[in-house]
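S.K.: Here are the chains, one letter per residue:
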Amino acid sequence: MSVRTDRQVVDGLLPSPVPVRFVAEDGTAVEPPTGYPAPGDGQLLEAYRRMVLGRRFDRQATALTKQGRLAVYPSSRGQEACQIAGVLALREDDWLFPTYRDSVALVSRGIDPVEVLTLLRGDWHCGYDPAATRVAPQCTPLATQTIHAVGLAEALRRKGEDGVVMAFIGDGGTSEGDFHEALNYAAVLHAPVVFFVQNNKYAISVPLARQTAAPALAYKGIGYGIRSEQVDGNDLVATLSVLTTAVEHARAGEGPFLVEAHTYRMDAHTNADDATRYREPEEVERWESADPLARLETHLRDRGLLDAEGIASAHEAAEEFASRLRDAMNAEPETDPYELFDHVFADPTPQLREQRALLASELTAPED
Amino acid sequence: MSVRTDRQVVDGLLPSPVPVRFVAEDGTAVEPPTGYPAPGDGQLLEAYRRMVLGRRFDRQATALTKQGRLAVYPSSRGQEACQIAGVLALREDDWLFPTYRDSVALVSRGIDPVEVLTLLRGDWHCGYDPAATRVAPQCTPLATQTIHAVGLAEALRRKGEDGVVMAFIGDGGTSEGDFHEALNYAAVLHAPVVFFVQNNKYAISVPLARQTAAPALAYKGIGYGIRSEQVDGNDLVATLSVLTTAVEHARAGEGPFLVEAHTYRMDAHTNADDATRYREPEEVERWESADPLARLETHLRDRGLLDAEGIASAHEAAEEFASRLRDAMNAEPETDPYELFDHVFADPTPQLREQRALLASELTAPED
Amino acid sequence: MTAMTMAQALNTALRDALREDERVLVFGEDVGPLGGVFRITDGLTTEFGENRCFDTPLAEAGIVGLAVGMAMGGFRPVVEMQFDAFAYPAFEQIASHVAKMRNRTRGRLSLPMVIRIPYAGGIGGVEHHCDSSEAYYVHTPGLKVVTPATPDDAYWLLRDAITDPDPVIFMEPKRLYWSKDETAPGDRRAAGFGRAAVRREGLDATLVTYGPGVPVALQAAEAAAGDGIDLEVVDLRTLVPFDDETVVSSVRKTGRCVVVQEAQGFAGVGAEIAARVQERCFHSLAAPVLRVTGFDIPYPPPKLERSHLPDADRILDAVDRLQFDDAPDVLHLAREAS
Amino acid sequence: MTAMTMAQALNTALRDALREDERVLVFGEDVGPLGGVFRITDGLTTEFGENRCFDTPLAEAGIVGLAVGMAMGGFRPVVEMQFDAFAYPAFEQIASHVAKMRNRTRGRLSLPMVIRIPYAGGIGGVEHHCDSSEAYYVHTPGLKVVTPATPDDAYWLLRDAITDPDPVIFMEPKRLYWSKDETAPGDRRAAGFGRAAVRREGLDATLVTYGPGVPVALQAAEAAAGDGIDLEVVDLRTLVPFDDETVVSSVRKTGRCVVVQEAQGFAGVGAEIAARVQERCFHSLAAPVLRVTGFDIPYPPPKLERSHLPDADRILDAVDRLQFDDAPDVLHLAREAS
Ligand SMILES: Cc1ncc(C[n+]2csc(CCOP(=O)(O)OP(=O)(O)O)c2C)c(N)n1
Ligand SMILES: Cc1ncc(C[n+]2csc(CCOP(=O)(O)OP(=O)(O)O)c2C)c(N)n1
Ligand SMILES: [Mg+2]
Ligand SMILES: [Mg+2]
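Residue numbers (our numbering), protein chains in the order written: chain X, 12 to 379; chain P, 12 to 379; chain S, 567 to 904; chain V, 567 to 904.
Careful, some of the hints might be misleading.
To be verified - Calculated lysine-lysine pairs in the DSSO-like style (CA-CA distance at most 30 Å, straight line):
{"id": "1", "chain 1": "P", "residue 1": "K77", "chain 2": "P", "residue 2": "K212"}
{"id": "2", "chain 1": "S", "residue 1": "K746", "chain 2": "P", "residue 2": "K77"}
{"id": "3", "chain 1": "V", "residue 1": "K869", "chain 2": "V", "residue 2": "K746"}
{"id": "4", "chain 1": "S", "residue 1": "K746", "chain 2": "S", "residue 2": "K869"}
{"id": "5", "chain 1": "V", "residue 1": "K869", "chain 2": "X", "residue 2": "K77"}
{"id": "6", "chain 1": "P", "residue 1": "K77", "chain 2": "S", "residue 2": "K869"}
{"id": "7", "chain 1": "V", "residue 1": "K746", "chain 2": "X", "residue 2": "K77"}
Stated by the list, open to error - If you want the ones that stay clear, here's a sample from chain X, every Cβ over 12 Å from chain V, calculated:
{"id": "8", "residue": "T16"}
{"id": "9", "residue": "G51"}
{"id": "10", "residue": "D173"}
{"id": "11", "residue": "S300"}
{"id": "12", "residue": "G321"}
Worth flagging that the hints you see were computed from the coordinates, not collected in a lab. From the three backbone atoms N, C-alpha and C, an ideal C-beta is built for every residue, glycine too.
Taking the hints into account, I'd like the entire structure generated from these sequences.
M.R.: Structure, rendered in structure tokens:
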């Protein structure tokens, strides 16, 4: 008749009181957390190269908006540890459900950067093939992708595959009802999905304190029976470690996992946003000193894993990547107006065929 | 840059591991919980009389469905401790946001039972005056009322009134996105609202285990920074004590409070439902032995607060109430079809006036 | 050939689809052991197991969003919204994802899923239980919208909806759940999507309708026949795609048209039909296309729904105003005077 | 009289309303310090304080539901949905509560609240940022739906929406935010709800439109004038209530009508207009009422929106088909052949 909640169960679901960390702001190692294995050196080096490339890509994309080559671009500068750790924690046959801010993750996943930028360039579709890349289209309606991720995870589970799904979401997005429904469905279905919250402290202009009164977003997990953790999202080592643990947990059939990464959006919401309207430059400066890329670099150098040559070659590769991207983006994308009618349904309805004919009559009409 | 969550803060938000109780199933007092004051004897006697009356009302309403006097009735038999404690914890100038299942609470709040049953009788409106009674219309779209409750609480706070709002919701309703948004808004706004979950173990046919994997629903509070508690919802003394504490907390400006009461829906979802399709009679029988009314009666008798005479007079009052209700419900309610057009807007649009004229032409047309 | 109610036909369609294609799944609120509040999924969990037909937590955006993910993952979900108004929480999922996924991915992802929605009134339901919400869906590009009026159509249209490569909003007129006719599941008879059915042939005017309007229109046609007026009744069956051909050829023949729709009239499906018919048949029309609809009010309570619902009398009144005698339209004059 | 953009006019209207009535509150996503993504609430938090203009957590059902509760508690909330498609999460709150509260309480509770929705396209927005969603709201009984096409109307219609005793869906055509005209806030000029405006008088045909369609229709009318065709342009201003009178008297005068609407056509507001016009003006019409609308496709991307949006040419093509010469309609013939 009555319930009793086991203190042990409860403690197993709650996050650590302090975000998990391996490396301090200055790059020095801290006392390693229990329960989270340190990633291998090779993986860390790989992560470093990807972060360098990701940041370069991000800067390039921002530059492309200034040249009118992109309609809009939401930068993730400062969030590279999250973007790269998310991708590195997954196998190739795992799925990723990104938001509009996760272009760096997609590039790191190996998707052609021009494809990644298709939508932001002014085309109507996501650019890449979601089925082939196992990456859902970047999602704008906030939090809606989290429940799709649960559905896909459940589909994998039912097909007997051991794939895992990772759903990215921002701090603001956690306030939407769909996030709640997704967490609950995942827990009840025991679906192999990892919810990865990049808490970058702002939802456009709205600071975290106006978004939630929770001790931390990771405390939401227990309300669904989902194991949860919070991590220093500017510490690549920690983020990779925790996400890897979360993915393994899900893959082992132990159910969903919620990870909150504390990070910061260094740039404005998008190139069209003016961040000076809602935050102080001092705050941004403070976060500069917590830069995830510099931190990892120092850490790897200190540990003797990286030298000037390694750094230079990472940057060279990034420059090359950026220059190829620039070239590719200089060509105007081809868009065919008639294709507007092609993908509404598998076969256009008679009504759409009529409308296509109307457009054709307009486009082929002699100018008068 | 980093956050640290205080263990004390966390513990202050988590519910007790075992539902709060004052009285065991057999009516004997248990070791009183700390932090929750025992209600006064007078209040307990008042609660007893209301529970007797509430149950009688509920039975009468169910009977009225069989006679075709009510279109449908969702019984709350077995949940009387919750229904009555919710009302007793509130002042008259506090607000209550009920669901379709909370008719007993409304009757106990002093609303004319015929008004309470207006909608269920087949009329289109809620029957009573929400502004005068400070009771929102009984709400069917699940969880939607919880966010209205936050808005009203916020309105009270802004007007400098010290009123509190109590929002009722069922276990199933907690899965809806609106519940999540309501909890979050309440916490961020620090609104004086108490969320009262009557966890009666079923959402129509869906048992709790298919609804949530949380240790208990009360564990949802911490994810919003809301203080939470779980209580034995068939123990009137405990439910009243916890709800009173919650209401005082909100009234004192300490923000929202979430209470989960563990109870059981003894009857089917409504008279139209067939509960044998999804639950075993043994389960229902087990809960019969946890009956909240019998428990309180035994408890009050044991404590010498109630004797046979007191019991008889409570039942007499209830019988009288039921018989008046029967009589009142025998009269066909008057419904005026033209009124359909009166309350869509303060002033009907020209289109509605036209449609009213069309209806008039139909209703006044000679039969052919 | 067996006599089946629409509810039985739908149940049989689900059963046959589950049997024939293991990718088909049924889920929603109370669709499992209870069999749904209308018993459309009765017995499916018993026959196919909890894995194929199951209850979800109570959240409609969740149900639809889960279906999106499962369809992306290769399944063919058939989900139930318990009542029309309880599909509204899923509106964003439907409008921004279900309707758009194929387009957003340039055809690389399709969502073969069905959202079943019991809709409309006439069953004495309390508030929020009798909305007619089809217009919201037909106005959303990327959704097919289907609504059967007979058990036979219920069976075949649902089977077709489940095999369709695109998402289908399947609107079930709940007061017809218990209507019966002879139907032969398994023995292909009903036409596919995009084909309207002429339920009754007539020469004097065309009644265009769908779903719950069909039996009412037929009733009106029977009554009119007694007065010597021969009405044709067209049942649209699928609202998207729309069968202009059948509607237009009927109205060209009869020269007059009344659109019958239970939903509130303003900007409803009937407005679209009236607009299309006059666009395409203007020179054949002897009178304006008239609409007979519910009023622009929240769906009324049991005691008053009869005043709201289009019935045979209201249809016949409209037919009377089709200017068979070339006199000016009396109601229009009255309207202008008011 | 000052030259103001529509954005400034809306901002001024909010400012004046906040100043005049302390029950007025403004809230939503990013409407505080940022001033909204379109800067419509610019400076309001600074001037009136966080108590009167504030940011909410990110949840649209929450915003609307909070407004419902605050309106029940005596306030007059004016909330912003950041973009059209981001109002969909609030659809249940809007359809089941905002629209119905007065009715559900037999007139005892009213909800004087305004939901501002920037809508439609033409600004090069990416997916989900350019939906035209007005038809969903006009079809929902209990909602007034308003959409200005000029700064002056923007100011006065918003002021009227805020003082209206009933909930108003206030649709702001976002590409007109930066259009300018002379306006004189404070000096009553614009008509109230339910009155359409004849923006241009003409004799040959009537263009009926609203919101983003208005400048396009005016442009078409100017072009047609060059060809000797004199078009009247009616701006509906409020969709609910609807001004039949102005529309009908215009069409009775001109005998021809084209409805212009940016939204996808099927079952849109234009369908309602076409249906009403032919119902009421049948004997005055020399040609069918034609519709010029967006296509029935998800709103296209920046690079292709020009192909989708009704422009002056598309309107003029329709005007050409109004059978001024009594020849059969070529496009209809083509359609039938296809
Ligand atoms: C349902 C919905 N509402 C509003 C928006 C508009 N919008 C786009 S991004 C954004 C802020 C999101 O913040 P957060 O989730 O923290 O992610 P971040 O942008 O910081 O990565 C808003 C309000 C949207 N895309 N979807
Ligand atoms: C949004 C919505 N979806 C579905 C329904 C149909 N429905 C009515 S009651 C109910 C079960 C609710 O269960 P719970 O919240 O536990 O409350 P209880 O009935 O047990 O008191 C359902 C599914 C509804 N009213 N609203
Ligand atoms: Mg953020
Ligand atoms: Mg329940």
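S.K.: Against each hint, give a clear statement of whether it holds in the structure.
M.R.: Verification of the hints:
1. P:K77 - P:K212: holds, 26 Å
2. S:K746 - P:K77: Roughly 27 Å between the alpha carbons, so the hint for K746 of chain S and K77 of chain P holds.
3. V:K869 - V:K746: With a Cα-Cα distance of about 26 Å, the restraint between K869 of chain V and K746 of chain V holds, given a limit of 30 Å.
4. S:K746 - S:K869: holds, 26 Å
5. V:K869 - X:K77: holds, 17 Å
6. P:K77 - S:K869: holds, 17 Å
7. V:K746 - X:K77: holds, 27 Å
8. T16: The claim stands: T16 of chain X keeps its Cβ more than 12 Å from every Cβ of chain V (closest is about 28 Å).
9. G51: Given a closest Cβ separation of 38 Å, the condition holds.
10. D173: holds, 33 Å
11. S300: holds, 25 Å
12. G321: holds, 38 Å
Checked against the numbered hints above, the structure breaks none of them.
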